[in-house]
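Protein chains in written order, with UniProt numbering: chain A, 1 to 346; chain B, 1 to 346.
There are no misleading hints in this set.
Simulated restraints, written as ranges between beta carbons of each label pair:
| # | chain 1 | residue 1 | chain 2 | residue 2 | range |
| --- | --- | --- | --- | --- | --- |
| 1 | A | P264 | B | G266 | 50 to 58 Å |
| 2 | A | L322 | B | Q199 | 40 to 48 Å |
| 3 | A | E206 | B | G234 | 14 to 22 Å |
| 4 | A | R305 | B | R224 | 19 to 27 Å |
| 5 | B | R224 | A | G308 | 23 to 31 Å |
| 6 | A | E209 | B | R198 | 21 to 29 Å |
| 7 | B | Q66 | A | G308 | 37 to 45 Å |
Calculated from the model, a selection of chain A residues having no Cβ within reach of chain B, i.e. all distances over 12 Å:
| # | residue |
| --- | --- |
| 8 | A18 |
| 9 | R30 |
| 10 | Q78 |
| 11 | E206 |
| 12 | A339 |
Keep in mind the hints are simulated off the structure, nothing from the lab. The structure presented is a predicted model; accordingly, all values stated were derived computationally and were not measured. Virtual Cβ for every residue (Gly too), placed ideally from N, Cα, C.
Number of protein chains: 2
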Amino acid sequence: MTDTPSPAKGGAPLRDPAHLHALVVRIFTRLGSSAADAATLADMLIWSHLTGRDGHGVVRVPWYAQMARSGELDPKGQLTVERELPATLLLDANRAAGPIAMVAATDRAVARARTQGGCFAMVRRTTHTGAIGYYALRAAEAGLAALVICSGKPIMAYHGAKVASLPTGPIAIAVPGGPSGPLLLDMATSIASFGRLRQLAARDAEIPEGWALDKDGQPTTRARDGVIPLPLGGPKGSGLALMFEALTGMLSGAPVLVPTLADPDGPGRGSSALIMVMDPAAFGAPEAFADEVEALRAAIKALPRQDGVEDILLPGERSKALMATRLREGVPVPDALMADLAALAG
Amino acid sequence: MTDTPSPAKGGAPLRDPAHLHALVVRIFTRLGSSAADAATLADMLIWSHLTGRDGHGVVRVPWYAQMARSGELDPKGQLTVERELPATLLLDANRAAGPIAMVAATDRAVARARTQGGCFAMVRRTTHTGAIGYYALRAAEAGLAALVICSGKPIMAYHGAKVASLPTGPIAIAVPGGPSGPLLLDMATSIASFGRLRQLAARDAEIPEGWALDKDGQPTTRARDGVIPLPLGGPKGSGLALMFEALTGMLSGAPVLVPTLADPDGPGRGSSALIMVMDPAAFGAPEAFADEVEALRAAIKALPRQDGVEDILLPGERSKALMATRLREGVPVPDALMADLAALAG
Chain A
1 MTDTPSPAKG GAPLRDPAHL HALVVRIFTR LGSSAADAAT LADMLIWSHL TGRDGHGVVR
61 VPWYAQMARS GELDPKGQLT VERELPATLL LDANRAAGPI AMVAATDRAV ARARTQGGCF
121 AMVRRTTHTG AIGYYALRAA EAGLAALVIC SGKPIMAYHG AKVASLPTGP IAIAVPGGPS
181 GPLLLDMATS IASFGRLRQL AARDAEIPEG WALDKDGQPT TRARDGVIPL PLGGPKGSGL
241 ALMFEALTGM LSGAPVLVPT LADPDGPGRG SSALIMVMDP AAFGAPEAFA DEVEALRAAI
301 KALPRQDGVE DILLPGERSK ALMATRLREG VPVPDALMAD LAALAG
Chain B
1 MTDTPSPAKG GAPLRDPAHL HALVVRIFTR LGSSAADAAT LADMLIWSHL TGRDGHGVVR
61 VPWYAQMARS GELDPKGQLT VERELPATLL LDANRAAGPI AMVAATDRAV ARARTQGGCF
121 AMVRRTTHTG AIGYYALRAA EAGLAALVIC SGKPIMAYHG AKVASLPTGP IAIAVPGGPS
181 GPLLLDMATS IASFGRLRQL AARDAEIPEG WALDKDGQPT TRARDGVIPL PLGGPKGSGL
241 ALMFEALTGM LSGAPVLVPT LADPDGPGRG SSALIMVMDP AAFGAPEAFA DEVEALRAAI
301 KALPRQDGVE DILLPGERSK ALMATRLREG VPVPDALMAD LAALAG
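For reference, chain A alone in the conformation it holds in the complex (with noise of 0.2 Å):
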């Protein structure tokens, strides 16, 4: 591929992929991070592209700019260890992008399950921690199973609540596998993430009656009024964001949701994640697993379907499919935004 875009089908230019990381590698030594940190951080946003979470792409390459200028980013910040015992790690990222930050963390979090059979590391005062599946998949590829979750700002309405009170408080769940490589969930908690709700909304679409409610807290079918992302079964989704918030904002020593409640337009407060790593070794059946992984795989696949379905598609399946296509085709970059990295990288 050159660094000329694809025509797009109906949406952004498509672009290089190859090139789009090498302008990320660019801003962020630039702004002062290392070639490799520069490097770790642009692999994930690159990735969140090629597997469809362009919301987590490089449109957050600005963002993170202007963090780093207003000092919220610390483009040269690295975790450090600020407690530890046999099972767990308390890391701080000192401001540190997420996605350095992240990667650090898991890092350390599969060697420590790799001699101790599992490991609690909570990740404290870094910024937005991007994709987390990419985490969770990171640890899988090691060989080891993952849980991920993370506070962040509240933008989902708690159950019966008419104004933004909760994050869409993600999981990210991955187990190694074995030719057809780790199963990976990452979800939302919310039934429409909001960043599904933009896209709905830029083209006027319709949604269904209990995705969202409008800015005064009136539900709404309009995508466009529908700012306030409702959670996935009520009371479900949202006591699994606020537990989220607990494990991690809370129990990390850095809550989010009850200072930002209280002051909505104070100082931006980080984001915490508990990343909870096991070792197949330390459990029943570490030589089989992989294969009980395959197993599993297959016999959902040939599970018979319900009327008008095409294909049983397994957790992360859609998004293997799609980073097939993107490493050919490109990825979906609008040219405004493409500007704006332009003129960061120099």
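Got chain A sorted already, so can you dock chain B onto it with the hints?
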């Protein structure tokens, strides 16, 4: 309260929880359990009734007794440690009844987390684990944060499948609190639980589209025909239930799903569970944590409500209120079930 049933309001007669507890203890000591183990089992079953989880109450006792007769459950079974590393425990329940094995496992995980910061305790070869919220709450009452997940027989449809192909994959999360007590979230990954569908079926109620399939895998809006619950949020609920099987049954070396899908009429395959426990002292702000939970509770209760919403509820709040009522008024158990219990008690 006496053990004379109170008149029920449109449901089963109300019984004295202390009487029910004594009855369960008597049944299990007759089956061979120690008095202490029988009391542990009765505690969980009666707590289930008190908190509205009637499907995990004494209705299970005749089934447990039948499993004891067939050898699938060992009333004398005791937990053994099969493998241990600093952060992990692999525990074999040796066919002990779920509540007996799970309480013992929770207590071991809590003790371990107090010295190691956290613990991943895997329990395999137990029978039906019961209401997993009970174990998460037990850890939170001991001052620790806990997540509990488990494997189980397929009763829910995988997203897009027309047959029962997943358990309703429950998850329970609890954190210690201040004067108001711990916060407990305890939820299935189906939209409506199997038990809830059966309750609605009993009065031939209508159910919303998307809640369940009939025995032929066709959508239905009639509760009595809805025998296959559907997952919460389609791929999200079904992805969670799938990953919980991977993290429990498969990681423990006792897969449930693949063998049961291949041979639905085969032998009972028991159940596995993963109890993840963290000591707040290992992380950021152990002294402040209980206060932070109280502040979170207050901030959520005070949120502006959507039109028509009378009260915003926290996870576990409804169960707690019900417990106060049921301790006073009794718990509903039908006459026929009481007769079965009396016969088992001899």
